[in-house]
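Enquirer: Protein chains in written order, with this note's numbering: chain G, 1 to 140; chain U, 1 to 140; chain Y, 1 to 140; chain E, 1 to 140.
Bear in mind the hints are in silico, worked out from the structure with no lab data behind them.
In this text, all values refer to a predicted model and were calculated from it rather than measured experimentally.
Be careful, since some hints might not be right.
[Stated by the list, open to error] In silico lysine-lysine, BS3-like type, Cα no more than 27 Å apart, as pairs:
id: 1; chain 1: Y; residue 1: K134; chain 2: G; residue 2: K121
id: 2; chain 1: E; residue 1: K134; chain 2: U; residue 2: K121
id: 3; chain 1: E; residue 1: K134; chain 2: E; residue 2: K124
id: 4; chain 1: U; residue 1: K124; chain 2: E; residue 2: K134
[As the list claims (entries may be wrong)] Between beta-carbon pairs, the in silico distance windows are:
id: 5; chain 1: U; residue 1: S45; chain 2: E; residue 2: A138; range: 51 to 59 Å
id: 6; chain 1: E; residue 1: P8; chain 2: Y; residue 2: K7; range: 41 to 49 Å
id: 7; chain 1: G; residue 1: T10; chain 2: Y; residue 2: A138; range: 27 to 35 Å
id: 8; chain 1: Y; residue 1: T122; chain 2: G; residue 2: T10; range: 35 to 43 Å
id: 9; chain 1: G; residue 1: P8; chain 2: E; residue 2: P8; range: 33 to 41 Å
id: 10; chain 1: G; residue 1: D104; chain 2: U; residue 2: S68; range: 22 to 30 Å
Quick reminder that beta carbons are idealized off the backbone N, C-alpha and C, glycines included.
Number of protein chains: 4
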Amino acid sequence: MLKPTEKPFTHSIRVAWADCDPANIAYTGRIPYWALESMDAWFESITGLDWYALNVDRGIGTPFVHMSIDFRAPVTPRFALICEVHMTRLGTTSIAHRVVGRQDGVLCFEGEFVSVFVEAKTLKSRKPPEDLIKLFQALS
Amino acid sequence: MLKPTEKPFTHSIRVAWADCDPANIAYTGRIPYWALESMDAWFESITGLDWYALNVDRGIGTPFVHMSIDFRAPVTPRFALICEVHMTRLGTTSIAHRVVGRQDGVLCFEGEFVSVFVEAKTLKSRKPPEDLIKLFQALS
Amino acid sequence: MLKPTEKPFTHSIRVAWADCDPANIAYTGRIPYWALESMDAWFESITGLDWYALNVDRGIGTPFVHMSIDFRAPVTPRFALICEVHMTRLGTTSIAHRVVGRQDGVLCFEGEFVSVFVEAKTLKSRKPPEDLIKLFQALS
Amino acid sequence: MLKPTEKPFTHSIRVAWADCDPANIAYTGRIPYWALESMDAWFESITGLDWYALNVDRGIGTPFVHMSIDFRAPVTPRFALICEVHMTRLGTTSIAHRVVGRQDGVLCFEGEFVSVFVEAKTLKSRKPPEDLIKLFQALS
Numbered sequence: 001m002l003k004p005t006e007k008p009f010t011h012s013i014r015v016a017w018a019d020c021d022p023a024n025i026a027y028t029g030r031i032p033y034w035a036l037e038s039m040d041a042w043f044e045s046i047t048g049l050d051w052y053a054l055n056v057d058r059g060i061g062t063p064f065v066h067m068s069i070d071f072r073a074p075v076t077p078r079f080a081l082i083c084e085v086h087m088t089r090l091g092t093t094s095i096a097h098r099v100v101g102r103q104d105g106v107l108c109f110e111g112e113f114v115s116v117f118v119e120a121k122t123l124k125s126r127k128p129p130e131d132l133i134k135l136f137q138a139l140s
Numbered sequence: 001m002l003k004p005t006e007k008p009f010t011h012s013i014r015v016a017w018a019d020c021d022p023a024n025i026a027y028t029g030r031i032p033y034w035a036l037e038s039m040d041a042w043f044e045s046i047t048g049l050d051w052y053a054l055n056v057d058r059g060i061g062t063p064f065v066h067m068s069i070d071f072r073a074p075v076t077p078r079f080a081l082i083c084e085v086h087m088t089r090l091g092t093t094s095i096a097h098r099v100v101g102r103q104d105g106v107l108c109f110e111g112e113f114v115s116v117f118v119e120a121k122t123l124k125s126r127k128p129p130e131d132l133i134k135l136f137q138a139l140s
Numbered sequence: 001m002l003k004p005t006e007k008p009f010t011h012s013i014r015v016a017w018a019d020c021d022p023a024n025i026a027y028t029g030r031i032p033y034w035a036l037e038s039m040d041a042w043f044e045s046i047t048g049l050d051w052y053a054l055n056v057d058r059g060i061g062t063p064f065v066h067m068s069i070d071f072r073a074p075v076t077p078r079f080a081l082i083c084e085v086h087m088t089r090l091g092t093t094s095i096a097h098r099v100v101g102r103q104d105g106v107l108c109f110e111g112e113f114v115s116v117f118v119e120a121k122t123l124k125s126r127k128p129p130e131d132l133i134k135l136f137q138a139l140s
Numbered sequence: 001m002l003k004p005t006e007k008p009f010t011h012s013i014r015v016a017w018a019d020c021d022p023a024n025i026a027y028t029g030r031i032p033y034w035a036l037e038s039m040d041a042w043f044e045s046i047t048g049l050d051w052y053a054l055n056v057d058r059g060i061g062t063p064f065v066h067m068s069i070d071f072r073a074p075v076t077p078r079f080a081l082i083c084e085v086h087m088t089r090l091g092t093t094s095i096a097h098r099v100v101g102r103q104d105g106v107l108c109f110e111g112e113f114v115s116v117f118v119e120a121k122t123l124k125s126r127k128p129p130e131d132l133i134k135l136f137q138a139l140s
């Protein structure tokens with residue numbers, strides 16, 4: 001288990017009308033999307049490569065093998081959704097993140113996510129390249 | 001824990017180009033959507049009320065408090081995605097489901113989901129009405 | 001302008017809670033998605049290739065250059081959304097469709113769509129292959 | 001026809017992996033979503049009310065009756081998508097916008113959109129309230 005970074009990475013989401021269902025809150029299915037988007041932004045922040053560049057330019061995919069989310073409070077368009085992303089584990093071919101979403105200081109959801117590094121074309125698992133490993137290890 | 005119904009409910013998804021990312025497989029974020037859609041269809045099958053009718057006509061919401069999904073194999077447009085839905089637990093104010101997705105017989109994902117019954121307007125938890133309880137209990 | 005086929009192709013959409021906004025009707029942004037999905041299903045019906053197979057197996061893309069939609073009545077989960085798809089024009093490197101969506105016989109939307117045939121990798125425009133041209137021409 | 005505002009309102013979109021299809025470009029269906037989101041942000045900018053607040057707090061809906069979009073160049077995650085929004089017409093019960101999307105200065109799409117003001121509960125058309133009319137008229 002790596003120590004959390006001192007200043008966690010955050011990604012801000014504009015929650016909108018389009019995201020809400022007739023209960024007047026964000027539809028449950030949107031929340032995994034936002035957690036994923038926040039991890040994509042985390043990769044970009046740490047490595048300079050978002051998932052698109054990682055895949056298209058470097059030939060590396062990161063398919064998910066697990067997600068687990070607890071929904072603590074409804075998400076609405078009243079406030080920005082601030083998603084905090086922590087890398088919680090770096091395995092040989094996998095990486096785990098914790099994502100915590102808050103609105104106006106209120107905990108809305110928290111989730112654990114595990115993805116694996118693969119060759120983009122074959123989807124076969126592989127180690128991440130050395131330059132990325134160094135950047136991830138520097139977070140611990 | 002309720003016994004599984006003998007013939008599990010299944011809901012078929014047409015996976016399409018629109019659902020796929022540049023890895024040529026369905027984007028991870030789509031899978032929670034399909035699991036949710038399958039539970040919505042399960043409610044309609046068992047009670048005659050989909051989430052929309054349950055909410056708008058009967059004033060009952062079912063927000064999720066938990067989801068946990070293991071992704072076992074990529075989902076693609078090559079085959080229909082058959083989602084099997086089981087009610088795994090009926091609590092006083094909550095209900096749990098297991099959703100298993102397969103394509104051409106291959107296990108693609110499996111997940112556990114917990115939602116609570118609430119008053120649609122106030123989002124306060126409540127027991128489901130008697131007629132629904134009877135229908136859910138008949139499954140066990 | 002090609003004559004309409006005698007029995008128009010239709011594609012049925014299950015409109016759900018997930019698609020609705022706090023106005024209790026399907027969110028506007030969902031409707032282009034459904035029109036596109038219906039055209040994807042049309043391609044599969046006429047050629048045996050959905051957009052995914054057309055792109056991945058045959059190396060042909062069909063990016064859109066135009067869409068125009070008139071929204072005539074709200075779409076809700078009360079009824080299936082039946083989308084009728086007509087090919088309205090087959091150009092040298094383009095194809096146009098008309099999509100009409102109805103619920104319970106009520107006209108909900110009607111739209112015109114134009115896409116072009118391209119090499120999937122370069123996005124350069126090209127003629128569709130002869131086997132597809134024959135299938136499209138047989139519709140007129 | 002109102003004169004364009006001197007400094008057009010712009011809304012920036014983070015295009016991501018999640019938005020792209022196997023052609024490595026944003027899926028066509030995402031573009032209407034982004035144009036709509038940009039108009040929602042425009043409302044918030046001009047009136048202080050996004051569509052959610054306009055609907056939930058003021059009881060006013062703005063369903064669309066028309067959209068027409070020309071797609072000029074692919075959208076990718078390489079650059080932010082800057083969406084410029086102009087009010088092009090203010091009718092008695094309707095409002096029209098023009099949305100232009102650019103990446104790195106390149107025109108990606110341009111579209112025309114018409115929505116009507118309605119009572120949120122009944123969906124019956126109505127004039128916008130005086131305070132909003134004044135704010136819209138001040139743009140011309």
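Enquirer: Please go over all the hints and tell whether each is borne out by the structure.
Expert: How the hints compare with the structure:
Between Y/K134 and G/K121 the CA atoms are separated by roughly 33 Å; this puts the pair beyond 27 Å, and the hint is violated. For the hint pairing E/K134 with U/K121, the CA-to-CA distance comes to about 33 Å; that exceeds 27 Å, so the pair is violated. With a C-alpha separation of about 22 Å, the suggested pair E/K134 and E/K124 falls inside the 27 Å cut-off, and the hint holds. For the suggested pair U/K124 and E/K134, the alpha carbons sit about 40 Å apart, so the restraint of at most 27 Å is broken.
A hinted range of 51 to 59 Å holds for the C-beta pair U/S45 and E/A138, which are about 53 Å apart. The beta-carbon spacing between E/P8 and Y/K7, approximately 48 Å, falls within the hinted interval of 41 to 49 Å. Taking 27 to 35 Å as the suggested C-beta distance range, the pair G/T10 and Y/A138 does not conform, at roughly 57 Å. A hinted range of 35 to 43 Å for the beta carbons of Y/T122 and G/T10 is consistent with their spacing of about 39 Å.
In this structure the supplied range 33 to 41 Å holds for G/P8 paired with E/P8, their Cβ-Cβ distance being about 36 Å. Take G/D104 and U/S68: their Cβ atoms lie about 27 Å apart, and the range 22 to 30 Å holds.
Violated hints, listed in ascending order, are 1, 2, 4, 7; each of the other numbered hints is respected by the structure.
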